[in-house]
Amino acid sequence: MSWRAAHQTPETWDQTTEIAIDGQGEGVVALGLAGPEYVCSTASFAPWFQRARAAGLHSTPHAGEFAGPPSVWEAVNSLESRTNWSWRACNRGC
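Residues 1 to 94 in my numbering are what the sequence shown lists, from first letter to last.
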């Protein structure tokens, strides 16, 4: 999925998640979320990431590059996942 998905419908998110789940035997290992994370809340995508994880996929949300530390923590807490750009979480005083 991409942050452009914020402008798409839940049906599209369903299709994307199902394609990822169905592709596990053909090399798909994770459901990702990429693009500028300030477009919408990462938490909006939590149900789809939960479904993907329940089916055995990893999740790789993009967070931190554009919206900084708060977006990393939101992704970690709402998607229960590691993130790309996680080092940005330390910008808040680690």
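You may find that some hints are simply not true.
As the list claims (entries may be wrong) - Have a look at the derived ranges for each label pair, beta carbon to beta carbon:
1. 77 with 55: 20 to 28 Å
2. 70 with 24: 26 to 34 Å
3. 21 with 70: 28 to 36 Å
4. 8 with 66: 32 to 40 Å
5. 66 with 26: 29 to 37 Å
6. 25 with 66: 16 to 24 Å
7. 12 with 55: 28 to 36 Å
8. 58 with 15: 18 to 26 Å
9. 41 with 11: 27 to 35 Å
10. 19 with 44: 16 to 24 Å
11. 23 with 70: 28 to 36 Å
12. 39 with 77: 25 to 33 Å
13. 36 with 77: 17 to 25 Å
14. 30 with 77: 14 to 22 Å
No lab work stands behind these hints, which were simulated from the structure alone. Ideal Cβ placement from N, Cα and C applies to all residues, glycine included.
Status of the hints after comparison with the structure:
1. 77 with 55: 20 to 28 Å: For residue 77 and residue 55 the Cβ distance comes to about 22 Å; the hint holds.
2. 70 with 24: 26 to 34 Å: holds (32 Å)
3. 21 with 70: 28 to 36 Å: Roughly 30 Å apart at Cβ, these two residues keep to the hinted range, so it holds.
4. 8 with 66: 32 to 40 Å: violated (19 Å)
5. 66 with 26: 29 to 37 Å: Once the Cβ atoms are compared, 31 Å apart, the range 29 to 37 Å for residue 26 and residue 66 holds.
6. 25 with 66: 16 to 24 Å: Roughly 34 Å apart at Cβ, these two residues miss the hinted range, so it is violated.
7. 12 with 55: 28 to 36 Å: violated (18 Å)
8. 58 with 15: 18 to 26 Å: Because 20 Å falls inside the window, the suggested range holds.
9. 41 with 11: 27 to 35 Å: Distance hint for residue 41, residue 11 is violated at roughly 19 Å.
10. 19 with 44: 16 to 24 Å: holds (19 Å)
11. 23 with 70: 28 to 36 Å: holds (32 Å)
12. 39 with 77: 25 to 33 Å: Violated, at about 19 Å.
13. 36 with 77: 17 to 25 Å: holds (20 Å)
14. 30 with 77: 14 to 22 Å: holds (19 Å)
Hints 4, 6, 7, 9, 12, counting from the list given before, are not met by this structure.
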